[in-house]
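Enquirer: Chain order of the listed sequences is A and B.
For the first sequence, UniProt numbering assigns the number 372 to the last residue and increments by one with no breaks.
For the second sequence, UniProt numbering assigns the number 319 to the last residue and increments by one with no breaks.
Since the hints were derived computationally from the structure, they do not count as laboratory data.
Some hints could be false.
[What the hints assert, rightly or not] Only some residues are given here: those of chain B computed to face chain A with a beta carbon under 10 Å:
(1) Y179
(2) V186
(3) K208
(4) F209
Nothing here was measured: the structure is a model prediction, and the numbers come from that model.
Positions of the beta carbon are idealized from the N, C-alpha and C atoms, including for glycine.
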Amino acid sequence: MPRIPAARALAPLRRALTCSNSIPFLATRAISTTPFPRALYKTRDGTKVAPTIPESQAVETEYSPSEEEIDALRVQEEESHGPGLAVPSQLVETPAEREAKALHPEYEPARSLQELGALPGVENWWEKEEHWGPESQFKGFARTGTQVQQEEPVIEVYLRRALVEVLALKQAGKWDEWATKAWPRRGDDQFRATLEMDITESGELKQDASHIVAELTTGESDSPSEGITESEGQEILAERQWDSSWAQIPLDAATKFALRKRVYQFSGYLIPDSRLGAAHNVGHLLALGCKKPKPAHLASILEQEGAYDALSNVKAHAQKISFVEKEKSIGRWKVIEEELKARGLPVLGASDAAPKHKEQRWIISTFRNVKR
Amino acid sequence: MAAKGIGCLSEAMGALRLASKPSHLKTITRSMATTTEASTANITRSVDTQTILNSWHPSSSVPVTIHAFPSLEPTSLEQFAVEHLYLPMRRDILHLAVVYEGDNTRLGTARALTRAEVRGSTRKVRPQKGTGRARLGSSRSPSLRGGGKAHGPRQRDFGTKLNRKVYDKAWRTALSYRYRRGELIVTEDGMDMAYPEEFELTPADKLKFGLRERYLAKYMREALMGLGLGKPDGRTLFVTEDRRTKLFEAMEYAGPSEGRALDMEDVDVKDLLETGKVVMERSVLKELIKQHESDLVSKVVINGFAPAGPQSGVKVLGA
């Protein structure tokens, strides 16, 4: 935190220096208080907040700016309000000692820590929520801000939706025009409508899909669909019970491109090109496009596989079993604990008096020997 | 080395085994098609990922999707030659190339003074005989403090040689390795970072005292995280044709823990293998391949024409 020589209210001087938005603060020894910057800070919603001062640096004599001074600051505040990010409205610069003396003959530099004022720095400015708004958040083509989805049910539902949309565009004769364009996400209604369509074994839609095409070829809706979770995906699969023939529909390069793009838009997972090349039908794409989450520990893999079901006397633990836990499991720990307490010995760990390392033990033993 | 040889041999034998059994793969596919009771999920699960990948033997070209940057929206599709972007993994060649680059990167400027170079008198330190002490001819002897170094480092060239065709193949093997693993993201030409509109509108004097740098660092980190290119994904190497102000600046502020941005001229095989992902422009990829295909292109001119190498960057879809 930058420490600056604090000054008595030098309103005339400050007003004289308002050519830039940097305001110097000076200090005189006449007051040994710690005034804090009186600059008001603009937040994202346009409200003005005075910086808070840490309690440790709170001063006995509180600085109270005059009405005139506040007005001057407010005028500046209005002037500095413009387009752009939420930035500190006034960045405070401290003049060098020589300049300060020249500007104000009464200036006397602070000679102790207490006389210095503390300003809130700008190190953590963007870490505050009110300064880092939606305008600063990155917007990519795919969903961002959440984890990439690679679960099988989710990818299967997205693939189904994408395939229906591709077939709908082909049905409407708009495929060539829309194959590489960015399709709008549209709302949840469109999601439901696409999942209700049936696909024939030859890779065509059974119903008329003009409403899907109409939605696709218009702009983005006000509340675009955010996709589905894994459990929602499982529910949809259980509800729809699509017959397996759609997995055998052969795919050409353009269709694979569109499916990959649409799946990426909703899931955030970019199917590698090498895998895309290897996929010849929807089933392949699904197998290559999703990934089962890998358990972090071997113990959990073995548990999932049911490796211990046949072994009644084997147990797997996530952590190493300590001495105390072993004793507890056979019911001896209570006895040990009582006996230790009865002898005035520490129950867990070494006592404070005990030497912590070997060298300390040597020193203690040497000292005892000398005493004897 | 023997172990490596055996490894390569077994790999090759494995590939032969797979190639010699196409009927086996076909059987699996047909059984899936005829199973009607099983749900879609069961069918897809029964198809092993490796089986599908191993059954794919592209003969001439592989697909490469071109993305917009920084949104990463897929915009077009191109075909690249198998000899350029789908070479089999050759660890031995990559090792040769990385060692070759390392050797040639060494400055070799370490140098110590010998007894002839050390400053000092040439006078004999003391008489040869009669002092009862050891004979000493020179104060600059390596045995004495302040004397020269007997076998110290001398400046020299540590550079080694590698056949041009081997090095070029290593380049394409590295690119192929990245492509195969889905770690090579190709973007449209002119890749650069786009800053938020609000940031561009903010006057520069409002972003003093490190506010600008901190803003860009945070924005870039979040963007990389959103694109799956950040630190948790193993960092990213951006390769552009020339220095792109915004991208290079933002990557510099985001720090080396997020990745690197390099000119095409500064990239070598080791750089391609280091980070989790490699993002490069389409023209850069084509140019790098063009610069490293000496083993595919003959210099011999027949009837006024030199036979051209395989074609890459053929547009399939998109503008």
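Enquirer: If a hint holds in the structure, say so; if it doesn't, say that too.
Expert: Cross-check of the supplied hints:
1. Residue-level restraint check for B/Y179 holds (minimum Cβ-Cβ distance to chain A is 6 Å; threshold 10 Å).
2. With a least beta-carbon distance of about 9 Å to chain A, the hint placing B/V186 at the interface is held under the 10 Å criterion.
3. Annotation: interface hint on B/K208 holds; nearest CB of chain A at approximately 6 Å, less than 10 Å.
4. Nearest Cβ of chain A to the Cβ of B/F209: about 5 Å, under the 10 Å cut. The hint holds.
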